[in-house]
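*Asks:* Under our numbering, think of the first position of the sequence shown as 7, with each following residue one higher.
Please keep in mind that the hints were generated in silico from the structure rather than gathered at the bench. Don't take every hint at face value.
As the list claims (entries may be wrong) - Heads up, simulated DSS-like pairs for lysine-lysine below, C-alpha to C-alpha not over 27 Å straight-line:
(1) Lys351 with Lys296
(2) Lys249 with Lys156
(3) Lys296 with Lys11
(4) Lys352 with Lys385
(5) Lys617 with Lys654
(6) Lys182 with Lys249
(7) Lys249 with Lys296
(8) Lys308 with Lys291
(9) Lys535 with Lys296
(10) Lys436 with Lys291
(11) Lys598 with Lys499
(12) Lys350 with Lys11
(13) Lys516 with Lys550
(14) Lys516 with Lys598
(15) Lys385 with Lys350
(16) Lys291 with Lys385
(17) Lys426 with Lys502
(18) Lys640 with Lys123
(19) Lys350 with Lys308
(20) Lys352 with Lys296
(21) Lys516 with Lys533
(22) Lys182 with Lys244
(23) Lys351 with Lys385
(24) Lys502 with Lys470
(25) Lys123 with Lys291
(26) Lys216 with Lys231
(27) Lys436 with Lys426
(28) Lys598 with Lys550
(29) Lys123 with Lys249
(30) Lys182 with Lys11
(31) Lys535 with Lys598
(32) Lys351 with Lys291
(33) Lys308 with Lys338
(34) Lys499 with Lys350
(35) Lys351 with Lys338
(36) Lys640 with Lys156
(37) Lys502 with Lys598
Said to hold, decoys possible - With beta-carbon atoms standing in for the labels, derived distance ranges:
(38) Pro190 with Val303: 30 to 40 Å
(39) Lys598 with Phe530: 19 to 29 Å
(40) Lys123 with Val503: 55 to 65 Å
Just so we're clear, the structure is a prediction, and the values are computed from it rather than from any experiment. For each residue, glycine too, the CB sits at the ideal point set by N, CA and C.
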Amino acid sequence: MSLEKMRNIGIMAHIDAGKTTTTERILYYTGKIHKIGEIDDGQATMDWMQQEQERGITICSAATTTYWRDHQINIIDTPGHVDFTAEVERSLRVLDGAVAVICAVDGVQPQTETVWKQADEFNVPRIGFMNKMDRIGADFFGSMADVENKFGAQCLALQVPIGEGAEFEGVIDLLKMKELRFSPDDDGETILESDIDSSRMELASQWRDKLIDIVASSDDALAEKYLEGNEITNDELKAAIRKGTIARTFVPFVMGSARHNQGVQPLIDAVVDYLPSPLEVPATKGIHVKKNAEEEVEVPCKENGMPVGLVFKIQYDREMGALCYVRMYSGKITAGSQVFNVGKKKRERVNRILRMHSNKSEPLDSVSAGDIAVFIGLKLAQTGDTIGSEGLPVLLESVKFPEPVISVAIEPESLSERDKMNETLEILSKEDPTFTHHEDSETGQLIISGMGELHLDVLVTRMKDDFGVQCRVGNPQVTYREAVTAEGTASEKFEKVLAGKENTAGVTIKVSPREQGLGNDYIFSAKAKDVPDEIIEAIAQSVKSSLDSGIQFGYPCTDTLVEVTDIEYNELTSTPFAFASCTAQAFDSACKAAAPQLFEPVMNVEISCPKEFVGEAMSQVTQRGGMVMGQDSKASGELVHAQAPMAKMFGFSTNLRSATQGRASFTMEFSHFQLKPDGLNNAW
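Model the full structure from these sequences, guided by the hints.
*Replies:* This is the structure:
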């Protein structure tokens with residue numbers, strides 16, 4: 007398959023907007039599956055994990071490959087729930103284009119905003135699919151205006167609806183200027199084309215003129231033709247729409263109802279016609295490891311180039327072990343060959359290469375630039391690793407993941423389960439970088455951390471069901487942070503005789519607060535002539551572990567700048583061990599002199615509820631120490647924006663449901679750390 011005929015796309019949207027249903031229909035019409043599975047019955051192909059079927063949500067971004075009009079389409083179905091934001095991040099990192107599914111009734115919802123911003127960050131061109139056009143309250147033009155207002159994006163309607171809500175019959179194609187209806191007799195497979203009814207001709211002509219106007223203003227040759235009054239052919243229009251979509255000048259929109267098999271084939275046509283092939287997106291950038299570490303190089307998408315690929319997801323399979331999802335950016339890798347893990351500087355063998363279809367697969371001999379496949383046999387690879395060859399050791403930018411904000415204690419039901427549990431935790435944290443585990447040095451408890459209550463609930467259920475680990479889980483705990491709020495300096499000396507040998511060191515450290523959200527930073531500004539590298543390395547390592555282990559309460563530090571301003575080195579008695587210990591002491595003393603405080607995670611909360619329950623919903627938030635930031639009106643009800651401390655939000659869903667007769671729903675994601683106003687800070 008030539009690269010021009012390949013599309014790497016993702017389906018992104020708010021939870022329940024219909025991503026998986028849309029993907030399911032795409033697979034059905036392209037002949038990949040022969041029976042349509044419904045999410046509501048737990049039968050969807052892409053939601054293959056047992057929990058996904060039980061909960062009716064997507065947790066893992068499943069990958070599949072299908073074919074349409076001689077084009078190969080690699081599809082990644084991403085989750086919509088904020089707790090699985092890492093899955094969306096890593097999928098967008100490797101995609102060339104995306105389909106944004108938007109609910110025609112609700113318009114832009116909170117999670118749509120999150121994924122849209124993520125797509126902007128990775129410069130992903132996208133097309134829109136306005137779903138649920140047959141639902142009461144559906145408003146194609148209103149929802150499109152919502153997209154323009156919220157994102158400042160120029161929307162380009164390629165179709166207009168024939169009726170909306172219960173009256174939705176089909177669409178008018180503004181390029182062909184024909185009415186399209188989807189036959190209910192064969193699950194919408196047959197498209198019935200007819201001339202535009204005279205009652206709808208004015209609306210269609212008005213929107214076609216608008217389409218030509220928007221497209222012509224982004225293409226000089228077309229603009230000239232348009233101004234001269236010459237006829238613009240459909241092929242010219244399509245070429246210009248493709249150009250504008252790839253340049254992210256505008257977002258083309260089609261519509262339908264995936265659940266009722268309407269409008270999906272024109273969406274697949276739009277993917278092939280307007281989304282870029284791997285050759286049409288800018289070459290990915292990486293850092294050349296052998297040259298100067300900071301030198302940025304471009305990696306052009308060439309099949310005959312040196313192999314370069316990015317491991318963007320790891321999934322564990324009982325029979326095959328770790329499945330490494332790899333996006334190839336350059337060159338070709340053959341099954342059975344050796345590859346070089348650039349970051350870890352280790353060679354590994356690719357035993358097999360598979361083309362995935364959800365959780366089924368077919369073997370491949372090789373995989374080339376632009377394609378996505380699964381490698382089996384890589385033991386060391388982790389999410390974000392670059393694999394390639396020693397000939398071109400390029401490190402691609404890794405995927406950045408948010409820090410976990412919620413923790414629970416976990417323990418095996420019997421001692422014999424402990425090893426099995428640790429093994430399972432290792433596998434799960436390799437699969438999901440936002441899931442971490444560590445042993446609490448003070449209590450000896452094993453603590454697991456994640457992005458939200460649902461996230462941890464899903465992972466614990468997986469441990470029990472998929473891996474057969476019997477375990478008990480404690481109440482959720484919030485992950486706090488510590489930070490200094492003033493400047494502090496301290497000098498410490500270390501002198502100890504160990505095993506008959508004298509060990510000495512002297513370190514001066516200055517700590518100061520950084521702006522909120524910038525994270526920690528470390529500067530070594532001491533005069534270090536004739537000081538061996540291992541001493542400087544020992545100091546850096548000691549600062550890093552001190553920041554991780556906190557100041558007084560053992561919570562990691564945040565937004566703190568640590569500067570080593572002076573060291574006392576004696577070539578006869580100074581050792582790396584002495585400097586590591588001395589640095590830790592100086593760090594503690596400097597921090598205690600810099601007014602350290604405890605910071606708590608604050609969450610962005612979005613509540614969707616009917617008008618009559620807005621007061622109750624707001625009071626539920628304010629009772630928990632939250633602040634209401636604003637309110638939007640939507641066709642489906644009111645949207646309340648608030649911020650609240652994570653510690654007070656446990657069990658919020660139960661209270662919210664009972665206060666609103668079960669009619670309100672909410673989403674929650676991490677916003678920032680702020681000074682904890684009460685409690686532990688008084689201990690200072």
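*Asks:* Output the numbers, in ascending order, of every earlier hint that fails for this structure.
*Replies:* 3, 7, 12, 17, 24, 31, 34 and 38
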